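Residue numbers for the sequence shown follow our numbering, beginning at 10 and rising by one.
It cannot be assumed that every hint is accurate.
Pairs of lysine to any residue, SDA-like flavour, derived with a Cα cap of 20 angstroms [to be verified]: (1) 334 <-> 362; (2) 115 <-> 157; (3) 115 <-> 147; (4) 74 <-> 97; (5) 334 <-> 420.
Keep in mind that the hints were calculated from the coordinates and are not lab data. Since the structure is predicted, the reported quantities are computational estimates derived from the model, not experimental observations.
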Amino acid sequence: MSNYRSQAQVFGAGQLIDGPISYSRRRTRSEEAAVTNDSFRNQGTSQALDQFSGDDETSLAMAIKAAYRQVFGNVQPMESERSESAESRLRNGDITVREFVRIIAKSDFYRSRYFDAVAPHRAVELNVKHLLGRAPSAEAEVTAQVSVMAQGGFDAAIDSLVDSDEYLQTFGEDTVPYPRSWTSEVGMPQASFNRIAALEQNFAGSDTAIGGSSQLLENLTQGYTLMIKVPSQVHRSGSGIGGGGVARNAFTPVKRNTADGGDSAPLRGDLYVGFGLGQREQETYERCPGDSTDQINALIRATYRQVMGNPHLMESERSVTAESKFTEGTLSTREFVRAIGLSAEYSRRFFESNAPYRFVELNFKHFLGRAPISQAEVSEHIQILANEGYEAEINSYLDGAEYQQSFGENTVPFQRISTEDGRSQLAFNRHLSLAQGFAASDSIQSASSLVASVATNSVPSNWNSTTQRSNRIGATAGTTEATGKRFRIVVQAQSAGGRQRTANASYLVSGKDMTSQLGYIHRRGGRIVSITEVI
Numbered sequence: 010m011s012n013y014r015s016q017a018q019v020f021g022a023g024q025l026i027d028g029p030i031s032y033s034r035r036r037t038r039s040e041e042a043a044v045t046n047d048s049f050r051n052q053g054t055s056q057a058l059d060q061f062s063g064d065d066e067t068s069l070a071m072a073i074k075a076a077y078r079q080v081f082g083n084v085q086p087m088e089s090e091r092s093e094s095a096e097s098r099l100r101n102g103d104i105t106v107r108e109f110v111r112i113i114a115k116s117d118f119y120r121s122r123y124f125d126a127v128a129p130h131r132a133v134e135l136n137v138k139h140l141l142g143r144a145p146s147a148e149a150e151v152t153a154q155v156s157v158m159a160q161g162g163f164d165a166a167i168d169s170l171v172d173s174d175e176y177l178q179t180f181g182e183d184t185v186p187y188p189r190s191w192t193s194e195v196g197m198p199q200a201s202f203n204r205i206a207a208l209e210q211n212f213a214g215s216d217t218a219i220g221g222s223s224q225l226l227e228n229l230t231q232g233y234t235l236m237i238k239v240p241s242q243v244h245r246s247g248s249g250i251g252g253g254g255v256a257r258n259a260f261t262p263v264k265r266n267t268a269d270g271g272d273s274a275p276l277r278g279d280l281y282v283g284f285g286l287g288q289r290e291q292e293t294y295e296r297c298p299g300d301s302t303d304q305i306n307a308l309i310r311a312t313y314r315q316v317m318g319n320p321h322l323m324e325s326e327r328s329v330t331a332e333s334k335f336t337e338g339t340l341s342t343r344e345f346v347r348a349i350g351l352s353a354e355y356s357r358r359f360f361e362s363n364a365p366y367r368f369v370e371l372n373f374k375h376f377l378g379r380a381p382i383s384q385a386e387v388s389e390h391i392q393i394l395a396n397e398g399y400e401a402e403i404n405s406y407l408d409g410a411e412y413q414q415s416f417g418e419n420t421v422p423f424q425r426i427s428t429e430d431g432r433s434q435l436a437f438n439r440h441l442s443l444a445q446g447f448a449a450s451d452s453i454q455s456a457s458s459l460v461a462s463v464a465t466n467s468v469p470s471n472w473n474s475t476t477q478r479s480n481r482i483g484a485t486a487g488t489t490e491a492t493g494k495r496f497r498i499v500v501q502a503q504s505a506g507g508r509q510r511t512a513n514a515s516y517l518v519s520g521k522d523m524t525s526q527l528g529y530i531h532r533r534g535g536r537i538v539s540i541t542e543v544i
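Construct the entire structure; sequences and hints are all you get.
The following block contains the structure:
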């Protein structure tokens, strides 16, 4: 075994295949293929390029195996997960190796692991690794790819790499992509070697086992030198690095403090799972003509889950009349959402029991699928609630242009967690603060999660700690003012069950009792005229 191969294996670059693989039905190399024996000698490697003829079934199998191993990040697909149609077309000469690479990179198998389940920066660095055989060279390259991904989507990001001049000049039409940075290619900086080492980590693991967060983001933005981390098993089985006399403990073994379950988890390494969102692209439900009974029941369950904040509802707490009308088709999905929002159960859970700020922020989450953007937006809805009442507050969301544009008449509202054009990072963090966890219920917490963040236009303090929730018993009134202050509430009163409002009445309450007093007033049918602080 050559000295080069020994060093590569120490750094996690060992391969099951001896060298880069090319395959062509034309029996001759593509004119665009740049990888030759001479170029490899110039790169300081003794590996030879294997060129196979199209009638060699063994060579075809090796080319396909190499493509899956490289593009899928050392994850072996099951038979049912292979792109058999693309394999057949490659065998028949209908497509080149480059087109085969494109097809498997756009497959559901690849997308579910390296796009849907990871952060955008992680998706880019893996795309570059799998399709160009190297790590990103600069933050500008990552930013450009993130922009392509945001504007054109997943397929556009794959095409931009497979159709690039770099891909064609390096691999051409017939060569399977392979890790290039290990060979210290001419003109490639030393930093690229360290970065590919950070991405590879070990030759026995897969890219899905490392996690969903970027491995290079901090390095690319700050520009410091990455330390090479060697897998711990190297220290147990190796005696050094290529006979160069380097001590066995010269490098620190890779240590992972957490495990994401690897391929055994249904949502492998998904960053959004940690934030309680389940997945980046939230599942949507839309009423369509001809829906079966089971489909309608699924729509009803999804509506309750979204509007009622992931509750467990008893039969007596469901809006049975509205369900019946929705099933019969006399209510649209939007009107069914409205009926639940105006129900006594929604009022009891989120209006009577919560601080006003908490009630408003949950309305945004339940009906518009997002967090409030600004203090002005929250204040507007507080005024609607105070001046026009509960029903007007609920209707203001459902009758707004944003609801119509986002969901229309037939789609159940959902968490719009995906980063949208023009949406700030601050708004994204606020949404995470409201999410709390996909196993939790919005009715547990009564204090506002965002009052300080919205008032000061700052990042919420609890956006990245969604597993901890405030207990209702220990919750504050949802105000940033000291609880010892006193307030005068002027109310136009109305007795329960009565039709006539009486003359104005006033209440003098402390800050800590504000929530319970407002709940009492609303239950009595009172209309709040003003709230002023008593100095």
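Comparing the hints with the structure gives:
1. 334 <-> 362: Answer violated: residue 334 to residue 362 is near 29 angstroms, above 20 angstroms.
2. 115 <-> 157: Holds, because 15 angstroms separates the two Cα atoms, which is no more than 20 angstroms.
3. 115 <-> 147: 25 angstroms, violated
4. 74 <-> 97: 14 angstroms, holds
5. 334 <-> 420: Holds, at roughly 16 angstroms.
Of the hints listed earlier, those the structure fails to meet are numbers 1 and 3, in rising order.
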